[in-house]
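J.: Starting from the known structure of chain A, fit chain B onto it as the hints suggest.
Protein chains in written order, with our numbering: chain A, 52 to 174; chain B, 194 to 338.
Hints listed in this document are in silico derivations from the structure and should not be mistaken for laboratory results.
If you're wondering where the values come from, they're calculated on a predicted model, not measured in any experiment.
We put the beta carbon where it would ideally sit given N, CA and C, even for glycine.
Treat the hints with caution; some may be incorrect.
[Said to hold, decoys possible] As a list, the in silico BS3-like pairs of lysine-lysine whose alpha-carbon atoms are at most 30 Å apart:
| id | chain 1 | residue 1 | chain 2 | residue 2 |
| --- | --- | --- | --- | --- |
| 1 | A | K138 | A | K53 |
| 2 | A | K168 | A | K105 |
| 3 | B | K296 | A | K168 |
| 4 | A | K105 | B | K260 |
| 5 | B | K305 | A | K105 |
| 6 | A | K168 | B | K265 |
| 7 | A | K53 | A | K139 |
| 8 | A | K105 | B | K265 |
| 9 | B | K257 | A | K168 |
[As the list claims (entries may be wrong)] Derived Cβ-Cβ restraints for the label pairs, each shown as a range:
| id | chain 1 | residue 1 | chain 2 | residue 2 | range |
| --- | --- | --- | --- | --- | --- |
| 10 | B | N309 | A | D143 | 36 to 46 Å |
| 11 | B | V263 | A | S140 | 27 to 37 Å |
| 12 | B | L229 | A | D143 | 14 to 24 Å |
| 13 | B | L290 | A | A169 | 20 to 30 Å |
| 14 | A | V132 | B | L290 | 37 to 47 Å |
| 15 | A | W60 | B | A253 | 30 to 40 Å |
| 16 | A | V77 | B | L229 | 17 to 27 Å |
| 17 | A | K139 | B | P249 | 47 to 57 Å |
| 18 | A | I114 | B | V273 | 19 to 29 Å |
| 19 | A | T146 | B | Y331 | 38 to 48 Å |
Below, each chain spelled out in residue letters.
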Amino acid sequence: MKETAYWTWFIIAALVIFVIAGLHMVVMHLPMFGVFNPESGAVTDWGNVAFRSKNQFLAFTYIILLGAVLYHGFYGLRTIVFELGPKKSFQDGFTVILWIVGLVLFGIGTYAAIAAKALETAL
Amino acid sequence: MANKQFDNHLGIVGWLGGGRWGVERYLYILQRLTGLGLLLFFMMHIFASSVRICGPESWAAAMKILKNPVLKLGEFCVFVLFSFHALNGIRLILIELGLAVGKAEEPVYPYKSSLNNQRPLMVIAMVLVAIIIIAGGYNTIFGSH
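Okay, chain A solo, but in the shape it has when bound (with noise of 0.2 Å):
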């Protein structure tokens, strides 16, 4: 029960990042659209990433998106762990990794989305 849990979590994260990471790619790979990019220049120039710094509708899709990335990401890794067949103890203790070096890179990311906005707004 707890697996199909995980598993349907892994599903909805995949959905979550489809719709937001999609609008990452088009942000940052179609610059053509100009979504979010208001400086002339490419998408990596200063005042656009300022500017989407500043923005409190991508920090927040961005943190969820970290947050969604992570656990699909650790989630999928530990299945195909799983599938070769590691020991029950060994397993565990993946499993605890993983979930402690995802809840650090998410604190890293999040850390990184809320001072790069406050740094911006004070600039």
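T.: For chain B alone, kept in the frame of chain A given last:
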């Protein structure tokens, strides 16, 4: 590689080998390989994009490194991996939920495989992947980014 306890346990060889399965099986393997590649990239991307909190000078220095042609090619490869993983993933979810496998039928010879029902969806997904990759590739080669 075979495990004595489980005769059908083939380990990494079984995981990689598609055997006599159709193209959908190989797309499933690619789905996992692209997923692992994207996960590796994403972990690095968290640190790379966090550089912006250090200010415009640090950001410009980081972007100068990332404008290296090899890294630009790598960036495009990530876009390719994402496009494939996303659209093939939607295809897999539809099949997992039983929305693209056709109705259950009596097993009358000559048998029809449910793969026959899945194939049009696979073709549509791969055509969309190709269109998105071409659009992203055009931007990588001719765009300012």
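J.: Tell me, in ascending order, the numbers of any earlier hints that this structure violates.
T.: 3, 5, 11, 13 and 14
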